[in-house]
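So the protein lines, in turn, are chains V and G.
Residues in the first sequence are numbered consecutively from 1, following my numbering.
Residues in the second sequence are numbered consecutively from 1001, following my numbering.
FYI, nobody ran anything at the bench for these hints, they're computed from the structure.
We put the CB at the ideal spot given by N, CA and C, even for glycine.
Where chain G lies over chain V, by a calculated footprint (3+ residues, C-beta under 8 angstroms):
#1 55–65
#2 153–164
#3 193–206
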Amino acid sequence: MNMKYALYLGCATPVKALKYEISARNVAKRLGIELVDLPEFGCCGFPVKSMDRFAALLMAARNLALAEERGLDIIGLCTGCISTLAEARVQLEDETLREKVNEKLKTLGAAEYRLGVSVKHFARFLHEDYGLDALRREIGAPLESLKFGIHYGCHYAKPSHAHDCFDDPSNPVSLDKLIQGAGAKTIDYPEKNLCCGLTIRGAAEDLSMNLAGEKLDALTNRGADAMVVACPSCCIAYENNQQLVGRKMGKEFNLPVLYFTQVIGRALGLTDEELAFEFNRIKFHPAAR
Amino acid sequence: MNDELIDGEQLKCCFHCGKCTSGCEVNRIDPSFQPHRLLHLIGMGALDELINGDAIWKCTTCFTCSERCPQRIAVTDIFWSLRALAFRSCPTSGLLSAQKSALFKTGRLYPATVLDHKKREKAGLPALSENATLVSRIFDAAKADR
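Based on the provided sequences and hints, a complete structural model is requested.
Here is the structure:
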């Protein structure tokens, strides 16, 4: 298997989620997956969709073309970025639109896009390409006594056509399987598909907090050792804002929020430092439970 | 309906079944937010009312409505288009101004501070490249022949 990929970091992960970036890089390294940084990568286009849909598509296309120029497929960590790039990839299958986009890319001095790049979230890649069986063989320290609540994030498997329908958009399972592969239990809960609410924090703060609070409450009540996430924005909603949300609901939450890469890394035997646990605001002390 | 951002033909397929609304998490918490009614308003030509109102900003863009639509209408995308129309009619309006300013000044929605750069260096992570003018150049290119 070709194990060399372009790492699409986006703008939130490298600034707001060092624990995600560090643990993902170390898990990839441990599994022999080479992640290449392309300094030319720019904004994925997601935040621009609300301002100019065509400009957003140009931004995504420019990134796809950059990876294609290097002959690399894209692996990403932020579900928003990956969904935006993957959706652009599908939109650009339309030849007329692609020609129009490529003309603009040319005026920007960028390479043209020729449909030769695949775009996957790192979790999807592990599940689908690296493979669950191969991953299980690497697990040296299975997390047998732990119980996690998985939060996928809306853009992890949606819109489903952009992600080649790799997982069920209304009841995704791939991350559960990865975490189970690491030896832990995952919680099946009706709130699993709820949005973290972060995208409407500015416009509708109460709604946003309510959404985050429902899930924190559900997982706390079910005795989760931690919530497991796969997107830096979702982590901000559940970890950085956890106290605020609790205050709003009149509850005191103390639910650690871990990135899936930290959980898998732990089961692979990586150290706390390699998984950047020092950056987790709500400390994860499974041994004390 | 004569705006290139919203596909009127696609909207005509809506038979107002309300499946988008019944699956909407925002609607569950705030029943005044009803995606199927917003689609209906577009069809009625009430674009001004929509782009000047609060409703279009309550969508979390979770895509649940788009997935549920039996007519495969990309409902979430329509909300993005409505926001883009609102932005075009008033680019300085409050909600997007902070995002716009960060994107146009730094090329990033989450700009990196001096401290962020230091933290990365300390953690042995690659330096972040500066591509500050990229977003504004792309906007200009997108606008050029509109």
